[in-house]
Amino acid sequence: MIPESVNTVFEIMLIVSMVLCLCRMTIGPTAADRMVAIDLLGLLVAVLMISHAIRSKDEAVLDVVLVFSIIAFFGTVALARFLQRERDETSNTK
Amino acid sequence: MMSYVASFFLLVGGFFSLIAALGVFRFPDFYARIHAATKASTFGLGFTALAAALSFGTVSAWMKMIAAIAFLFITLPIAAHLLGRSVKDKR
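Here the protein sequences line up with chains A and B, keeping their order.
FYI, in our numbering the residues of the first sequence are 1 to 94.
FYI, in our numbering the residues of the second sequence are 1 to 91.
To be clear, the hints were calculated from the coordinates, so they are not data collected in a lab.
We treat Cβ as the ideally placed atom computed from N, Cα and C, and that holds for glycine.
Take these hints with a grain of salt, some might be off.
[Claimed, not checked] Using C-beta positions, here's what the derived DEER-type ranges look like: (1) A:ARG81 - B:TYR31: 18 to 24 Å; (2) A:GLY75 - B:LYS88: 18 to 24 Å; (3) B:MET63 - A:GLU4: 25 to 31 Å; (4) A:ILE27 - B:GLY57: 23 to 29 Å; (5) A:VAL45 - B:ALA70: 15 to 21 Å.
[Unchecked claim] So, partial list: chain A residues that the calculated Cβ filter (under 8 Å) puts toward chain B: (6) VAL36; (7) LEU44; (8) ILE50.
Turn these sequences into a full structure, and let the hints guide you.
Right, here's the structure in full:
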């Protein structure tokens with residue numbers, strides 16, 4: 001229903017934003033900056049999955065999008081918890 | 001007519017995703033980066049999910065995408081809060 005050309009433009013936009021995210025992930029000064037970039041990268045992968053679902057007209061991919069966003073959230077929570085624990089340990093030893 | 005609306009929503013979603021990535025890449029401060037990564041990307045996935053639901057047009061696709069949007073609106077602020085708290089007092 002959505003034209004192929006629009007989908008292609010959308011995918012190009014997403015790939016540019018993923019490259020920007022990867023740049024921030026590489027040069028990020030601290031671990032927290034890299035974590036934010038990874039978080040956003042997971043979300044962009046979910047958006048790209050929606051684009052694939054539209055292009056292939058396969059509705060089952062939308063389930064994958066739902067589950068993937070849930071797992072990305074849990075990953076972010078785990079990483080934030082890990083970073084906080086690391087910070088607490090370093091502040092205790094000082 | 002509906003395909004124009006769906007294409008418009010898809011492009012708006014891509015635009016917001018691009019803005020989120022640009023903000024994460026360009027902003028100078030960590031908290032500004034969190035702001036860009038969570039707020040703009042909420043609308044990025046939201047508009048894209050809306051475009052997918054309009055494109056499929058079935059009830060199950062609408063339900064899945066509404067669930068995804070609702071879940072996103074609940075969890076992304078929580079993730080941003082946890083990320084911000086994990087670096088608080090560090091700098």
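Hint check:
no., hint, result
1, A:ARG81 - B:TYR31: 18 to 24 Å, "19 Å, holds"
2, A:GLY75 - B:LYS88: 18 to 24 Å, "21 Å, holds"
3, B:MET63 - A:GLU4: 25 to 31 Å, "26 Å, holds"
4, A:ILE27 - B:GLY57: 23 to 29 Å, "43 Å, violated"
5, A:VAL45 - B:ALA70: 15 to 21 Å, "20 Å, holds"
6, VAL36, "5 Å, holds"
7, LEU44, "6 Å, holds"
8, ILE50, "5 Å, holds"
Hint violations for this structure: number 4 only, all remaining hints satisfied.
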